[in-house]
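Asker: Counting with the working numbering, you get residues 4 to 113 for the letters of the sequence shown.
Hints listed in this document are in silico derivations from the structure and should not be mistaken for laboratory results. These numbers were taken from a predicted model, which means no experiment stands behind them. Beta carbons: idealized from backbone N, C-alpha and C, even for Gly. One thing to keep in mind: the hints can contain errors.
Claimed, not checked - Derived Cβ-Cβ restraints for the label pairs, each shown as a range:
| no. | residue 1 | residue 2 | range |
| --- | --- | --- | --- |
| 1 | Trp53 | Pro100 | 28 to 38 Å |
| 2 | Asp41 | Ala19 | 17 to 27 Å |
| 3 | Ala19 | Trp53 | 12 to 22 Å |
| 4 | Val17 | Asp41 | 14 to 24 Å |
| 5 | Asp36 | Val104 | 31 to 41 Å |
| 6 | Glu50 | Asp73 | 15 to 25 Å |
| 7 | Pro100 | Arg55 | 13 to 23 Å |
| 8 | Ala22 | Tyr97 | 15 to 25 Å |
| 9 | Val17 | Asp73 | 29 to 39 Å |
| 10 | Asp56 | Gly103 | 30 to 40 Å |
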Amino acid sequence: MPASVVGPTPALVVCATMACAIADLARRGFTADLRAVDGALRAATGETLWPRDLVIREVHRFERVSDPDDMEVLYAIESTSGVRGTLADAFGVYADPATGVALHDVPIRP
4 MPASVVGPTP
14 ALVVCATMAC
24 AIADLARRGF
34 TADLRAVDGA
44 LRAATGETLW
54 PRDLVIREVH
64 RFERVSDPDD
74 MEVLYAIEST
84 SGVRGTLADA
94 FGVYADPATG
104 VALHDVPIRP
């Protein structure tokens with residue numbers, strides 16, 4: 004099943020898989036691999052990104068037809084410092100609570 008997308012995408016690419024969406028976002032400059040840590044996000048470079056300095060530019064959600072409980076979400080995130088990256092998480096009951104805490108106050112602005 005194709006992913007649902009929130010936000011505009013130049014040269015729209017509709018991706019049915021997480022790998023496709025990550026590749027498309029990387030092509031558009033979202034290259035940092037982000038992780039939720041202690042109420043913030045951390046880039047692979049070690050830079051800590053605080054929620055007040057972040058904007059979610061796109062949200063991609065994936066569901067597997069064979070297993071509706073197997074859902075994933077991919078966020079395209081931009082910081083005021085210029086870091087642009089992606090953060091992947093499970094969706095629903097399997098979501099990482101740390102991701103929810105880190106993104107709770109981050110606005111979605113396509």
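Asker: Taking the hints in turn, state whether each one holds.
Answerer: These are the hints, each one checked on the structure:
| no. | hint | result |
| --- | --- | --- |
| 1 | Trp53 - Pro100: 28 to 38 Å | violated, 18 Å |
| 2 | Asp41 - Ala19: 17 to 27 Å | violated, 34 Å |
| 3 | Ala19 - Trp53: 12 to 22 Å | violated, 33 Å |
| 4 | Val17 - Asp41: 14 to 24 Å | violated, 35 Å |
| 5 | Asp36 - Val104: 31 to 41 Å | violated, 19 Å |
| 6 | Glu50 - Asp73: 15 to 25 Å | violated, 32 Å |
| 7 | Pro100 - Arg55: 13 to 23 Å | holds, 20 Å |
| 8 | Ala22 - Tyr97: 15 to 25 Å | holds, 19 Å |
| 9 | Val17 - Asp73: 29 to 39 Å | violated, 20 Å |
| 10 | Asp56 - Gly103: 30 to 40 Å | violated, 18 Å |
Hints 1, 2, 3, 4, 5, 6, 9, 10 from the list above are not met by this structure, while the remaining hints are.
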